[in-house]
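S.K.: Respectively, the protein sequence lines represent chains A and B. The letter at position 144 of the first sequence is residue 144 when you use our numbering, and the numbering goes up by one with no holes. The letter at position 31 of the second sequence is residue 31 when you use our numbering, and the numbering goes up by one with no holes.
Keep in mind the hints are simulated off the structure, nothing from the lab. Where hints are given, some of them may not hold.
To be verified - Computed, partial: chain B to chain A, Cβ under 8 Å:
| hint | residue |
| --- | --- |
| 1 | Glu77 |
| 2 | Val82 |
| 3 | Pro86 |
| 4 | Arg87 |
| 5 | Leu90 |
| 6 | Tyr98 |
| 7 | Val104 |
| 8 | Pro105 |
| 9 | Gly116 |
| 10 | Thr120 |
| 11 | Arg128 |
| 12 | Val270 |
Computed from a predicted model, the values in this text were never measured in an experiment. Even glycine gets a Cβ: it sits at the ideal position worked out from N, Cα and C.
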Amino acid sequence: MSTARPADGLDERLAPTSTLRKLLGRPELGSVVGAVAVFVFFSIVAPTFLQASSLSTILYSASTIGIMAAPVALLMIGGEFDLSAGVMVTTSALVSSMFSYQMTANVWVGVGVSLLVTLAIGFFNGFMLTRTKLPSFIITLGTFLMLTGLNLGFTKLITGTVSTKTIADMEGFSSARALFASQWTIGSVTLKVTVLWWFAIVAVATWILLRTRAGNWIFAVGGGADAARATGVPVVKTRIGLYMGVALCAWISGQHILFSFDVVQSGEGVGNEFLYIIAAVIGGCLMTGGYGSAIGSAVGAFIFGMTSNGIVYAQWNPDWFKFFLGAMLLLATLLNAWVRKRAEATK
Amino acid sequence: MTATEKTTTAPGAAPALVKLTDVSKFYGNIRALQGVSLEVSAGEITCVLGDNGAGKSTLIKIIAGLHRHDAGTFEIEGEETVLANPRAALDHGIATVYQDLAVVPLMPVWRNFFLGSEPTRGRGPLRRLDVDLMRETTRAELLRMGIDLRDVDQPIGTLSGGERQCVAIARAVYFGAKVLVLDEPTAALGVKQSGVVLKYVAAARDAGLGVVLITHNPHHAYLVGDRFVLLKRGTMAGSHTRDSITLDELTRQMAGGSELDELSHELERVAESGAGTPPTTAATDGAAGPSDPDGASDPATRTTAPKRDDTTR
């Protein structure tokens, strides 16, 4: 207790804490190791995997998951789930498309209305959760089913089919497409704008998580809600904010789907919520909350992109994809648990 | 232990920091607390003693602003108050250190230290945590209380129970608490760790804070306490100042005199049927060891440790 500390701020007991050990303590570590393994594996079995054009395809499919995986990771660090995240993307696209078409308004009006509706859904999830104190699994399962029904029901009611009418010839379409679904071709490489959205979202999420008060609150709410409440952290606001963050990214994702295809299938999105959760968990998020990272979720999404496309490049039957994803999830979780145990033990 | 006692309700120059008068709390038709009075002044430690289910937790929750009292008055520095939430209590300078929910185990020590009151720098979207200040302050404040942490970045869950309590106490002191409410700070700790925590409790008192110490250990209470409030089944079983009660009497009252006599008889029988010397008065002293004629001298020697010098250094 009373040992004198060296003046230079170094502690003799803090012996050679190597950079390696610091790395071991990072939540992303398991996912990075996994990503390298998957990369090496497909580089060997699929000769076309290493081509630049393949990389851009992989990045694109990673970005479609990654845009949602980052806010879902934050939500999971905050200790909650959102099973409605997948269909919420579709809802957002449907609202935007149908509102513009029916009101024959500029598509930007539809885009704006869609933002409000999607944020309202996120608020509803958070509000119901904090009000009823039911598990988020139940609340968002309810939202998931309701949205699935509403997506199909409203679309059929309004358009008479299961998909929306094209809005490609409407005013504002090209500018909205430029924002949500543009792409640039540099040589043989096509870069889609979603990749930029993805990187930006991960950067902002990381900033929020590690360098703002809100980030401190997210960790606290997920790691010990009672302690957080007792120290004056606005637990309810934090939770609602997390759900609205998921909704905001669902809106971006939904607008991308709408403006890259100009029509929306109302039954889409079901099952994607699990891909987001898988990416977050592979990236080091604890199912119980309080631990994880946004960068990890990006690595998880990248693993998803590599696996889903690698199987195609390797000319395997894509039916195997889900098996791979499942095995990957298990391995990543085990690896994460093992790494964390080691890191804690050697501290 | 410097307290020179005033009488229990002396309306001296400064009003008590916290004063509860005839406070009651009901959960539906269950009486959790009835007619409890308590006060604590600056530089004083008031101990609340009671067995499990005596109403200690309810009392602490009322003072901390988690629950509202149903009857009686709750005065803070002479002004009657009803606390809406824990934040309101904090704003009044009442900081509560809970037994197990003081901290978030997975978070680094420095993040825990500032949880809920994080300092920031910059404006607008660039408003960010002042991480360097947070790290440095945490290290310095803990060092000031004599805790030399290896690494403020380690998850607080990796600290020992006593260290965690001390971090929580240091945090409350740093954030300008006037009243420190401690919920069973020594309950899960060994003898040495308890001693360390009690030392910081005394340090907080010497810094001019009023301390409410909740415990079921009369030995720990008597080591530092100026006033003692005994709770039993939700009612007040006694209220004493330090000079009006001895440790033996306190222990006796806490366990309930007649119940203890009965227990003592029972234990005697057990001891006679086995082999050994049945100490008739041992039971009143808590766990083991011969009765100390001078009840106040060094009560902790009775628990288990023969030597305690190292903890009170």
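S.K.: Decide, hint by hint, whether the structure agrees.
M.R.: For each hint, the structure was consulted:
no.: 1; hint: Glu77; in the structure: 20 Å, violated
no.: 2; hint: Val82; in the structure: 18 Å, violated
no.: 3; hint: Pro86; in the structure: 6 Å, holds
no.: 4; hint: Arg87; in the structure: 5 Å, holds
no.: 5; hint: Leu90; in the structure: 6 Å, holds
no.: 6; hint: Tyr98; in the structure: 6 Å, holds
no.: 7; hint: Val104; in the structure: 4 Å, holds
no.: 8; hint: Pro105; in the structure: 7 Å, holds
no.: 9; hint: Gly116; in the structure: 4 Å, holds
no.: 10; hint: Thr120; in the structure: 6 Å, holds
no.: 11; hint: Arg128; in the structure: 4 Å, holds
no.: 12; hint: Val270; in the structure: 41 Å, violated
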